[in-house]
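Novice: Each protein sequence line maps, in turn, to chains A and B. For reference, each letter of the first sequence is one residue, going 5 to 67 in our numbering. For reference, each letter of the second sequence is one residue, going 292 to 734 in our numbering.
Please keep in mind that the hints were generated in silico from the structure rather than gathered at the bench. Quick reminder that beta carbons are idealized off the backbone N, C-alpha and C, glycines included. Among the hints, erroneous ones may be present.
To be verified - Distance ranges between label pairs, derived from CB positions:
#, chain 1, residue 1, chain 2, residue 2, range
1, B, Gln293, A, Asp24, 34 to 40 angstroms
2, B, Ala339, A, Glu26, 35 to 41 angstroms
3, B, Asp474, A, Asp24, 35 to 41 angstroms
4, B, Pro382, A, Glu26, 16 to 22 angstroms
5, A, Ala19, B, Thr349, 48 to 54 angstroms
6, A, Asp24, B, Gly498, 55 to 61 angstroms
7, A, Asn34, B, Gly424, 43 to 49 angstroms
8, A, Ser35, B, Ser393, 42 to 48 angstroms
9, A, Ala19, B, Lys728, 52 to 58 angstroms
10, B, Lys331, A, Lys27, 49 to 55 angstroms
What the hints assert, rightly or not - With a cut-off of at most 27 angstroms between alpha-carbon atoms, the simulated DSS-like pairs for lysine-lysine come out as follows:
#, chain 1, residue 1, chain 2, residue 2
11, B, Lys604, A, Lys29
12, B, Lys604, B, Lys725
13, B, Lys725, A, Lys38
14, A, Lys22, B, Lys324
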Amino acid sequence: MAGETNIREMANLIANIKQDAEKLKELGKNSNIKCVEMNVVRMSAMIKMLELDITDAADILGA
Amino acid sequence: MQSLDTYWNPALETLPVEKLRELQLVKFKRILKWGYERSKLYRRLYEAAGLMPEDIKTWDDIKKVPIIDKGSYREAQYKEPWPYGDSLCIPLEDVTVYHQTSGTTGQPVFQPDTWQDWEWQAEIWSHYLWAMGFRNTDRVFIPFGYNVFIAYWAGHYAAEKVGCEVVSGAMLNTEERIMKMKDLRATAFMATPTYVLGMADGCRKLGMDPRDLHIKKILCAGEPGGSVPTTKRRMEEAWGCPVYDHVGATEMGSWGYECTFKPGGLHVNEGFFLVELLDLETGEPIEEPNKLGRIVITAFDRMAQPCIRCDSKDVAMWSDKNCECGRTYRVLKGGIQGRTDHISKVKGVLFSPVAVEEVVRSMPQLGDEYELIVKKEGDIDKIILKYELNPGFEGQEKEVEAELARNLRVKTNLGYVYESHPYGSLPRYLVKAKRYKDLRKEL
């Protein structure tokens, strides 16, 4: 499979984005700003898809 | 492997087979644990079988996991929380989308999805649309009455996701849909095989050749016709473009699809699903090609109401060929071959209605619609085939019935009673057709 290094790099970026999104959601929740919390729910769903598409493949390839 | 642009996700779609199996096992264990820990339905089932998630260590262990079917969800629905019951794995307030099955085989099953599940639906469909050549240059028309049935909802959102322009044809009748497709110069649409043929007929009634709409591709779902060669040929000849098949179910998600390389069947989306074929008699897993088995599905990543080893009641066989597209996903030869609840013995012979469809649709004298009724007369099974002659073939009943008898004898090894009906008089369907009735089961 082409680009295994890129896949690992992508997986690392996805992990960072996930972490940031979770932080943002928590901040929104604690500050009672609903639009932040609920937009991150949607964002997190997309991040999850990237995990299923890329991170899972990277992990299994040991890339 | 083809150029990277062939794939929505080359990382998964071209994963070496041994890595793919490794990934599937990891994902199977993950969803099994989730179901066991979160759903009373699955916990009950697994405890009764004396099974703990950690008992599943190898590929062979998977067959120890009990199989469920649609009925399992139905039973669970009678429990709290309403309306999903105790198959639900998440708090009720996290459910964002409701759908239900059509109820063809009993009380409808209610399907909850979270926003993540819904994103997942769009994601898996994106794989299929991309594989079928849908791109941002496409204007996709969806002639579907958006309602409680899941049907093309996910197709709609996936088409958006891959960059297409999407036009909903929800509240329009067939004529209005055709005119809208023509006016907007739609390049693609999605429908059941029955409706693809029905819309072609609708075009002709309006004095148009469907080919004049310049549709470039059609996605079929909901019925096996998209993989029945003669039905596919009829659709492709009528519209002058490739027709791609796709398969799924409300409670499972969409798990199989055809790509532009047309592998002679359906790819299984093995990055997101485990599709097992089990021997019709023994229930043992089938790995070899060309042997019919019932399809048992696990959706790895659908979380609100997981689908873990669910009997789809569909029947298929593995292909012995790899697809030229370079995907390492296996192919089901000829797509779905029938349903276990439709395949039955008639006059002592194993009979599948799909075989009749293949014969009817191979004869240009016959219209697209037909009906097949099996009933008992005394102790004898009788199969009645109601058909329509296409315009221009009136008065040829005798010759047509002789040809039907020859072809059906070869294909099914059975004799039929024929009934000719005037063109346009048999029922027309907007979504799934109900052409097969086994009245022996109603006795």
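Novice: Against this structure, judge whether each hint is valid.
Specialist: Do the hints match the structure? See the list:
1. B:Gln293 <-> A:Asp24: 34 to 40 angstroms: Check passed, 35 angstroms falls within 34 to 40 angstroms.
2. B:Ala339 <-> A:Glu26: 35 to 41 angstroms: holds, 37 angstroms
3. B:Asp474 <-> A:Asp24: 35 to 41 angstroms: Given about 45 angstroms between the Cβ atoms, the range is violated.
4. B:Pro382 <-> A:Glu26: 16 to 22 angstroms: holds, 18 angstroms
5. A:Ala19 <-> B:Thr349: 48 to 54 angstroms: violated, 29 angstroms
6. A:Asp24 <-> B:Gly498: 55 to 61 angstroms: Once the Cβ atoms are compared, 59 angstroms apart, the range 55 to 61 angstroms for Gly498 of chain B and Asp24 of chain A holds.
7. A:Asn34 <-> B:Gly424: 43 to 49 angstroms: holds, 47 angstroms
8. A:Ser35 <-> B:Ser393: 42 to 48 angstroms: holds, 45 angstroms
9. A:Ala19 <-> B:Lys728: 52 to 58 angstroms: holds, 55 angstroms
10. B:Lys331 <-> A:Lys27: 49 to 55 angstroms: For Lys27 of chain A against Lys331 of chain B, whose Cβ atoms are near 34 angstroms apart, the range 49 to 55 angstroms is violated.
11. B:Lys604 <-> A:Lys29: violated, 42 angstroms
12. B:Lys604 <-> B:Lys725: holds, 17 angstroms
13. B:Lys725 <-> A:Lys38: violated, 47 angstroms
14. A:Lys22 <-> B:Lys324: holds, 23 angstroms
Comparing the model with each numbered hint stated earlier shows that hints 3, 5, 10, 11 and 13 do not hold.
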